[in-house]
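K.L.:
If you read the sequences in order, they're chains A and B.
Our numbering puts the first residue of the first sequence at 2, with every later residue one more than the last.
Our numbering puts the first residue of the second sequence at 253, with every later residue one more than the last.
Simulated from the structure, these hints should not be mistaken for lab results.
The beta-carbon is built from N, C-alpha and C at its ideal position, and this holds for glycine as well.
One thing to keep in mind: the hints can contain errors.
[Said to hold, decoys possible] Each computed DMTMM-like pair below joins lysine to aspartate or glutamate, with the alpha-carbon atoms no more than 25 Å apart:
no., chain 1, residue 1, chain 2, residue 2
1, A, 100, B, 314
2, B, 263, B, 311
3, B, 263, B, 347
4, A, 57, B, 347
5, A, 112, A, 68
6, A, 57, A, 84
7, A, 112, A, 16
8, A, 100, A, 68
9, A, 112, A, 18
10, A, 100, A, 84
11, A, 52, B, 331
12, A, 58, A, 19
13, A, 71, B, 311
14, A, 37, B, 347
15, A, 100, B, 290
16, A, 37, A, 55
17, B, 263, B, 331
18, A, 58, B, 314
19, A, 37, A, 68
20, A, 71, A, 19
21, A, 60, A, 16
22, A, 57, A, 19
23, B, 309, B, 290
24, A, 57, B, 305
25, A, 57, A, 18
26, A, 112, A, 55
27, A, 60, A, 19
28, A, 71, B, 331
29, A, 100, B, 311
30, A, 37, B, 290
31, B, 322, B, 347
32, A, 100, B, 266
33, A, 37, A, 18
34, A, 37, B, 305
[Stated by the list, open to error] If you want the footprint, here are the derived chain B segments under chain A, 3+ residues with CB under 8 Å:
no., stretch
35, 319 to 332
36, 345 to 355
[To be verified] On the chain A side, residues computed to face chain B include the following (Cβ under 8 Å):
no., residue
37, 43
38, 46
39, 49
40, 53
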Amino acid sequence: GQQVMQIPQYQHVQEGEDFTTYCNSSTTLSNIQWYKQRPGGHPVFLIQLVKSGEVKKQKRLTFQFGEAKKNSSLHITATQTTDVGTYFCAALGSSNTGKLIFGQGTTLQVKP
Amino acid sequence: DAGITQSPRYKITETGRQVTLMCHQTWSHSYMFWYRQDLGHGLRLIYYSAAADITDKGEVPDGYVVSRSKTENFPLTLESATRSQTSVYFCASSESMVGTQYFGPGTRLLVL
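Start from the sequences and build out the full structure, keeping to the hints where you can.
P.N.:
This is the structure:
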C-alpha cells in the first residue's frame, strides 16, 4: 500500500539552529498536511499544501510541496524551545485510496 | 465549546478483559477516526466512520470493534485486550475524509 516516509526520526538541535524534516512518497500525492504534537499532547493541524511547488510560511515555519508532488518539507528557522515536539506529515495519494496516510513523525528536541 | 473529548484518559486493564474507549465530538463532523500511536510507528488508523452506521477498517483493525449509532459518538471496543494493544489511542473528527483532522486528547491504555 501507499507509504509516506518521514526523515529524520529524531533531531536534536541547539536553540537558534535551523531544523528541517522531510516527507517522501514513491507515488504522487494529491495533498499533504502537517501536524505538530507537543510532548504528552495530541496532534494539531498546522497547514495543508495542494499545489505543485507550493510554499507556505507561518512565522518561522516554511512548508514546501515538491514540484513532482512526491515530497514535502517543513523548515523551522532559528528554533526555540517552544518548537519541541513531533511533527507529522499526512498525505492523500492520488490513487484515491481515500485515506490520509501519516508519516512516522520527526521528534525535535531543542537544547536551550 | 468542548470540541472532541475522549474518556477515560487513562486506563489499566488485564489481558482478556473487554475495554471500551469513548469519543465524543460537538462539531457534527461526518467523519470520525480511531488511531493508535506507538513508538516508531507514528499514527496508525484502526477504524473510521463516514457517518452514523457507516464504518470501515483502517490499517490495523484486528482485535477492535467500533460502532456509530449517533453522529457525535464513536466508541472503540477491545473485545479481549492483549498486551500488544497497550498504546495511546487518539480519536479524531473531520468534515471530510481528507480534510483537517481534529484530534482528541488521547487515551493511554495499559494492558497487563
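K.L.:
Quick check: which numbered hints come out false for this structure?
P.N.:
3, 5, 10, 11, 18, 24, 26, 28, 32, 34, 35 and 40
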